[in-house]
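Asker: Residues per chain are reported as follows:
Protein chains: 2
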Amino acid sequence: MIAEVQTAQFDTLKLDCGATLRGVTVAYESYGELNRERTNAILILHAFTGDAHAGGIDHEGKPGWWANMIGPGKAFDTDRYFVFCANVLGGCRGTTGPSSINPGTGRRYALSFPVITIRDMVRLQKALVDHLRIPRLLAVTGGSMGGMQALEWAVSYPDMVEACLPIAATARHSAQQIAFNETGRQAIVADPDFNNGDYYDGPPPARGLAVARMVGHITYMSDESMREKFGRRLRNRETVSYGFDIDFEVESYLRYRGSQFVGRFDANSYLYITKAMDYFDLTNGAPSLAAALEKTHSRFLVISFTSDWLYPSYQSLEIVNALRGRNHDVTYCELSSSYGHDAFLVDVGEQTGIVSGFLARVAREAGIDSAKVAPS
Amino acid sequence: MIAEVQTAQFDTLKLDCGATLRGVTVAYESYGELNRERTNAILILHAFTGDAHAGGIDHEGKPGWWANMIGPGKAFDTDRYFVFCANVLGGCRGTTGPSSINPGTGRRYALSFPVITIRDMVRLQKALVDHLRIPRLLAVTGGSMGGMQALEWAVSYPDMVEACLPIAATARHSAQQIAFNETGRQAIVADPDFNNGDYYDGPPPARGLAVARMVGHITYMSDESMREKFGRRLRNRETVSYGFDIDFEVESYLRYRGSQFVGRFDANSYLYITKAMDYFDLTNGAPSLAAALEKTHSRFLVISFTSDWLYPSYQSLEIVNALRGRNHDVTYCELSSSYGHDAFLVDVGEQTGIVSGFLARVAREAGIDSAKVAPS
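Protein chains in written order, with this note's numbering: chain A, 1 to 376; chain B, 1 to 376.
Source of the hints: derived by calculation from the structure; they are not laboratory data.
For glycine and all other residues, C-beta sits at the position ideal for the given N, C-alpha and C.
It is possible that part of the hints are untrue.
To be verified - Listed below are several chain B residues computed to face chain A (Cβ distance under 7 Å; list not exhaustive): (1) 157; (2) 158; (3) 160; (4) 218; (5) 227; (6) 230; (7) 254.
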């Protein structure tokens, strides 16, 4: 399954901050086919540093970030569903973001890009859904920030979402989550190469961005998974160096991950997207989370993981309890995993059966044609 | 109780790395009086960024970092015990470290300072104890890195330590703990002002050091204590700014703590002391932790805190179980607190009674004169 990136253009996009973006591009991929009624579409929403390449393999042979969940016979079964994923607004992987050219000036936006929200991301996805002439989504789903977008979909467009599957997500960032993001942002702006965001004609703030990524990686893993993967193992040596070169495997891993990230991610996108996450509060002025969720008509499958300390289970339970309080159709699964927050990406065994069973029930109850497509 | 910093000098100190330091200074404070036999001494060992000013108030009116635990009638009762605390080797608060003048060159050591270990720190403390003509310590104690030093004392000088009280500590850093330290180190060395450690004649690597401190602060608090202290409260504003200035209280707190730290701590000391923590492994080549603890004769009180995710209770239990396996005298208390790793510093109510009761028992069983000193 070779994945092709496609794009769609929109003239304008109104934003929560009051600004209007002009000339907005969305990059997306899709897998599987729409049924005749165009009712079997599943919108996949990516996490912070993800992109539209969720399934299949690209032309360079690189599998999508959720390739283990998307495909024939997989959780998001492309023999039954039309599955698609778009790079988020503010990103740097094909969709308009701070590294894009501002059509008004002919120069890159950099920090003149307006500050965006999760709801703005969802608003652009809605434009894409309309563009694809999809009247109603069978499901919206994603892990981490993808789960936040899924929740926002269910609240912003209650008539458009049959099922909502937020995984390892939250209805609002806690102080600790904001704190980790703020540390990453400060690492970036502390780098002299950041140059107040105007670094596109020179070297990027590579060192700051790498440090930000190192912090991130620690939070994505669990204490246990780091112990299992690295422990106190030394890197290519028998004894410690008594120096500041790499001693431990875990140091080598973090430095590698940090430097590798610089090649594929834009520092300004880091700032904008983390800010959107920090701003996200599904309650959004309503008296309670339950009140905010009042108007949704979706069925919910909420999944969290035991060792995820970045988006702990109690945050998923908050959503579940708010939904239950309003008598919504909600299933909650706390899955046992040692992989920490990364579990939704890498430990998908149990998740697969739960998601595919849930989707089959939703399709059946909603009378949606999701018959397995005969091999052609 | 006005605390006076004193110093002691030593000609040489042999280090684990093989090097010998010449002209070593130790800064220390003491509170209370030695009894006639000099057997009522309690050595307080400070955490990563602490210093010798553990108790009382200094000339500027600043209370010691454990002033709530040290003093007349407190856990470390200065009416009964001679309590003292020294700045660690490698530090920047009076004891020889990378910012000290190398007597061989007349210039600051910077990165020519040898890489040190927790055992080296303890070796220097032992020289101080000998200098003070203390034949045997009633107790060694400290939280976090202070607890590691306490454990090292019990193993390195088994005949010198009546009681060992490691609090919120570990017998070895986990991959996650090393990872957080490495991130801080990389933030510092990424700062161009770091200049390979030779920054003493120019600006210090303030931005990198501040980011390192921000990461640290997150790990010292719990998710719960951050929620209670900051939640999603905005800083001096009614709505979010849609910008990259400070929106949330927690951002303001972290930036303040980061910038404040730069004025009181040396970036090179940050590198050396975190490295010493990461290297620390009480096992040190022994077949097991229990085997390493075989030779200690100390009584142990091990304390951990429920919400401490940086030095989780399981790490204390590892020590406790190793001691129990060799039939040592060990008491373990997991105290309930929402303050995270900071609990040993700030949530000392329960800790106080447990420590003072334990010390009284040890003194009684060891026949040590710790009678309350009559007010003079």
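Asker: Taking the hints in turn, state whether each one holds.
Answerer: Consistency of the hints with the structure:
no. : hint : verdict
1   : 157  : violated, 23 Å
2   : 158  : violated, 25 Å
3   : 160  : violated, 26 Å
4   : 218  : holds, 5 Å
5   : 227  : holds, 5 Å
6   : 230  : holds, 4 Å
7   : 254  : holds, 6 Å
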